[in-house]
Amino acid sequence: MSRWRNSLGKVLHVGWRDFRYTALTPAFLIAVVGVPVLLGLGALVVYPILLSQETSTLEGRVVVIEQEGGFAGILEGILERGIRNEAAEQVAEAFSRLPGGGLAGGPGLGFMNVPTDLELVRSGDPSFLEEAKQGVREERFLAVAMVPGELLQVPPGDPPDDYREPELGLYIANDAPPQHVATLEQLLREAVAESRAVNAGYSYDQIRRVIETPMMEVVRITETGEQGDLLELRIIIPIALMMLLWTIAFTSGNYVLTSTIEEKSNKVMEVLLSAVSPMQLMAGKILGQAAVASLMFVMYGGIAVIGLFTLAMTDLLSLQLLLLSFAYFVIAYFTIATLMAAVGSAVSELRDAQSLMGPAVLVLCLPLVLWIPINNNPSSVFAVVTGFIPPLVPFVMTLRVAASPEPLPAWQILTSLVLGAGTVGVMLWMSARIFRVGVLMQGKPPSPVELLRWIRYR
Amino acid sequence: MSPAITLEGVTKRYGDLTAVDAVDLEVPEGSLCGFLGPNGAGKSTTIRMIMSIIYPDEGRISVMGGSALDRKDDIGYLPEERGLYRKMRVVELLRYVARLKGIDGSVLRARVDDWLDRMELPDVRRKRCQELSKGMQQKIQFIASVIHEPDLVILDEPFSGLDPVNSRLLGRVIGELHGAGRTIIFSTHVLHQAEQICDRVVMIDRGRVVLDDSLAEIRRTFDPRSIRVEASRDGEELLERLRSLEEVDSATLHEDRETIELRIGPGAPGEGGSIPAGILDELGGEARVRSIELRRPTLDDVFVKLVGRSVGEADGAT
Numbered sequence: 001m002s003r004w005r006n007s008l009g010k011v012l013h014v015g016w017r018d019f020r021y022t023a024l025t026p027a028f029l030i031a032v033v034g035v036p037v038l039l040g041l042g043a044l045v046v047y048p049i050l051l052s053q054e055t056s057t058l059e060g061r062v063v064v065i066e067q068e069g070g071f072a073g074i075l076e077g078i079l080e081r082g083i084r085n086e087a088a089e090q091v092a093e094a095f096s097r098l099p100g101g102g103l104a105g106g107p108g109l110g111f112m113n114v115p116t117d118l119e120l121v122r123s124g125d126p127s128f129l130e131e132a133k134q135g136v137r138e139e140r141f142l143a144v145a146m147v148p149g150e151l152l153q154v155p156p157g158d159p160p161d162d163y164r165e166p167e168l169g170l171y172i173a174n175d176a177p178p179q180h181v182a183t184l185e186q187l188l189r190e191a192v193a194e195s196r197a198v199n200a201g202y203s204y205d206q207i208r209r210v211i212e213t214p215m216m217e218v219v220r221i222t223e224t225g226e227q228g229d230l231l232e233l234r235i236i237i238p239i240a241l242m243m244l245l246w247t248i249a250f251t252s253g254n255y256v257l258t259s260t261i262e263e264k265s266n267k268v269m270e271v272l273l274s275a276v277s278p279m280q281l282m283a284g285k286i287l288g289q290a291a292v293a294s295l296m297f298v299m300y301g302g303i304a305v306i307g308l309f310t311l312a313m314t315d316l317l318s319l320q321l322l323l324l325s326f327a328y329f330v331i332a333y334f335t336i337a338t339l340m341a342a343v344g345s346a347v348s349e350l351r352d353a354q355s356l357m358g359p360a361v362l363v364l365c366l367p368l369v370l371w372i373p374i375n376n377n378p379s380s381v382f383a384v385v386t387g388f389i390p391p392l393v394p395f396v397m398t399l400r401v402a403a404s405p406e407p408l409p410a411w412q413i414l415t416s417l418v419l420g421a422g423t424v425g426v427m428l429w430m431s432a433r434i435f436r437v438g439v440l441m442q443g444k445p446p447s448p449v450e451l452l453r454w455i456r457y458r
Numbered sequence: 459m460s461p462a463i464t465l466e467g468v469t470k471r472y473g474d475l476t477a478v479d480a481v482d483l484e485v486p487e488g489s490l491c492g493f494l495g496p497n498g499a500g501k502s503t504t505i506r507m508i509m510s511i512i513y514p515d516e517g518r519i520s521v522m523g524g525s526a527l528d529r530k531d532d533i534g535y536l537p538e539e540r541g542l543y544r545k546m547r548v549v550e551l552l553r554y555v556a557r558l559k560g561i562d563g564s565v566l567r568a569r570v571d572d573w574l575d576r577m578e579l580p581d582v583r584r585k586r587c588q589e590l591s592k593g594m595q596q597k598i599q600f601i602a603s604v605i606h607e608p609d610l611v612i613l614d615e616p617f618s619g620l621d622p623v624n625s626r627l628l629g630r631v632i633g634e635l636h637g638a639g640r641t642i643i644f645s646t647h648v649l650h651q652a653e654q655i656c657d658r659v660v661m662i663d664r665g666r667v668v669l670d671d672s673l674a675e676i677r678r679t680f681d682p683r684s685i686r687v688e689a690s691r692d693g694e695e696l697l698e699r700l701r702s703l704e705e706v707d708s709a710t711l712h713e714d715r716e717t718i719e720l721r722i723g724p725g726a727p728g729e730g731g732s733i734p735a736g737i738l739d740e741l742g743g744e745a746r747v748r749s750i751e752l753r754r755p756t757l758d759d760v761f762v763k764l765v766g767r768s769v770g771e772a773d774g775a776t
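Quick mapping for you: the protein sequence lines, in order, are chains A and B.
Number 177 in my numbering belongs to position 177 of the first sequence; there are no gaps in the numbering.
Number 687 in my numbering belongs to position 229 of the second sequence; there are no gaps in the numbering.
In case anyone wonders, no lab produced these hints; they're calculated from the structure.
Remember, predicted model here, so these are calculated numbers, not experimental data.
A few of these clues could be false.
To be verified - List of simulated lysine-lysine pairs, BS3-like, C-alpha gap at most 25 Å:
(1) B/Lys585 to B/Lys545
(2) A/Lys267 to B/Lys585
(3) A/Lys444 to A/Lys267
(4) B/Lys545 to A/Lys267
(5) A/Lys267 to B/Lys763
(6) B/Lys592 to B/Lys545
Using the sequences and the hints given, assemble the complete structure.
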């Protein structure tokens with residue numbers, strides 16, 4: 001019992017040192033804590049401010065050349081009553097769908113509104129076009145709109161084969177801001193549509209109201225009641241969760257790799273091995289970085305949960321999802337960390353490690369490629385099968401659990417957990433065998449065949 | 459006295475190279491034993507196997523009655539390849555290593571301070587290891603290997619890289635540890651260092667033990683029984699008188715005509731490292747003698763005698 005306690009004590013000492021010299025350093029605090037906090041502040045404070053900033057005023061003289069008359073008058077009317085920005089309306093609507101009206105009623109969308117101060121110059125002479133273009137070059141005019149007469153007539157419902165749709169020509173300076181060009185285009189299109197309605201004898205305002213698509217409220221029926229549909233977030237949360245797992249597991253696994261290589265290159269390894277066994281050293285390092293990984297998981301996961309609480313969107317998360325995510329996170333971390341420990345022990349330089357673990361990393365990157373089909377149909381045969389492939393288990397299953405509208409069958413979850421735990425066990429055994437040989441090796445990195453030989457060493 | 463370490467038929471191979479070849483060895487408890495031999499002789503490999511850092515291909519090793527793995531906390535080990543956590547502070551490093559060796563609590567702080575004072579490093583506690591000179595780093599490593607006050611101390615080339623002052627300091631501390639009853643093994647290829655502090659010597663060459671005995675016994679066995687006399691003026695006459703003594707087997711005069719080399723006969727009294735009385739009497743009344751030196755065998759002489767080349771030549775060959 002005392003021997004076991006002594007052994008555990010050594011493992012924990014090694015782990016604490018690794019945790020302390022990874023997590024309690026200025027570099028870690030800046031990179032892992034500071035940067036996300038700054039990004040969060042940026043998203044919550046700076047970005048809305050930037051969004052609410054209006055763009056520069058669209059001002060100047062616009063030449064309208066039309067043969068039939070009436071178009072310029074309608075355009076004038078639109079300018080007087082103000083342009084209707086449909087894109088801005090759609091974004092505002094999307095924000096309004098968020099619970100609580102989004103972030104304080106949604107960010108200001110000033111950046112989508114371009115204030116206008118335009119003066120129209122009318123001409124009925126098509127030959128004035130060239131002179132007007134020269135005026136644009138000389139900055140006397142902002143733009144020239146060439147409006148063919150037939151453009152203002154309602155297009156035929158069944159056009160003949162040789163029918164060529166008339167086009168409105170807009171001539172503008174080369175350095176005009178894109179938003180100014182877009183605003184002018186929208187103004188002119190709106191004026192064309194209204195002109196056609198007037199020429200056909202309809203009320204344009206009435207037509208608009210008739211064809212306007214209604215807002216819609218989608219309600220999901222659950223076993224206990226109803227909940228609002230948040231389609232975009234339902235798509236984002238699974239991939240965000242999987243990416244969180246993947247990123248943290250790889251970041252912490254990388255710390256195991258670099259600290260092992262550092263101890264080898266510093267020649268401190270033999271000193272350590274005079275006090276602890278290779279197995280104790282490896283276990284300590286993996287546990288120390290597990291604490292680092294857990295800290296990151298709790299921190300980032302916590303920020304996400306707090307965010308969902310703030311937005312009153314907690315119905316997107318369930319206790320089962322959180323617990324399973326943590327279980328899969330543990331499997332993901334230990335799978336990658338044991339791999340990194342083995343590779344780190346076998347090489348003396350970081351660049352040698354890259355080539356040695358290249359194929360394994362390639363396999364572990366598969367979930368990043370496969371997330372779309374799995375997310376779209378988390379219960380498909382493809383998703384179920386990939387969820388049982390050992391190195392992919394934690395990532396694919398996290399994706400499936402988060403993306404599935406209905407709870408996954410219990411047998412699938414249990415099987416994946418057993419497979420994941422088994423993978424960790426096998427990886428741990430193989431890594432320990434490689435580690436005890438590799439930590440004292442210097443020089444040329446071993447080939448994969450040599451690694452297999454190390455595993456078989458007595 | 460029971461052996462602290464026993465090796466029986468221990469062999470270690472690296473591919474075609476046999477680094478350690480069927481070594482049988484016993485290191486008595488409480489001895490200060492030097493593992494001597496040229497670079498590449500197999501000293502470090504033997505030590506690593508004793509520490510269970512690597513394992514022998516054949517043979518059996520017993521350390522304090524068991525495996526070094528079971529007695530890690532009772533063993534202090536200074537590896538040949540020096541290494542420290544460069545960014546760690548000295549005090550943190552020593553505490554970390556001591557904790558791994560089972561030392562904790564209030565003892566730890568006092569032990570760290572005591573050892574830093576003992577190794578004449580009182581001002582480095584808060585310094586990072588990378589800020590220390592190479593010699594200082596080596597002394598910190600030595601402290602790390604003995605801070606838990608182990609029963610068995612194994613030091614692989616402890617003097618390499620140290621200046622004479624620090625070498626003397628380290629030699630003194632090793633002597634103190636030995637005086638306190640610890641068993642100490644250290645390896646070196648600088649034989650005169652071993653000669654100064656060891657009481658037992660194991661000579662290794664090309665993976666084989668060529669000599670394993672106490673220093674006193676080695677001196678007795680390899681005693682050249684020769685005396686060098688330095689005359690203050692022409693030594694011709696003195697040479698003739700010395701030749702006539704029955705204790706003297708042979709006498710030769712060097713080219714400088716002042717130095718006389720006497721070979722003492724095998725049956726002469728005074729065996730065991732003293733000058734025969736008859737010779738002393740003869741020289742005692744001689745006013746023309748500047749110095750008398752009883753020549754003792756150096757370990758290098760012994761090595762040459764055993765393997766036919768000096769350690770320096772062997773180092774050059776590796």
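Quick rundown of the hints versus the structure:
no., hint, result
1, B/Lys585 to B/Lys545, "9 Å, holds"
2, A/Lys267 to B/Lys585, "20 Å, holds"
3, A/Lys444 to A/Lys267, "16 Å, holds"
4, B/Lys545 to A/Lys267, "14 Å, holds"
5, A/Lys267 to B/Lys763, "37 Å, violated"
6, B/Lys592 to B/Lys545, "15 Å, holds"
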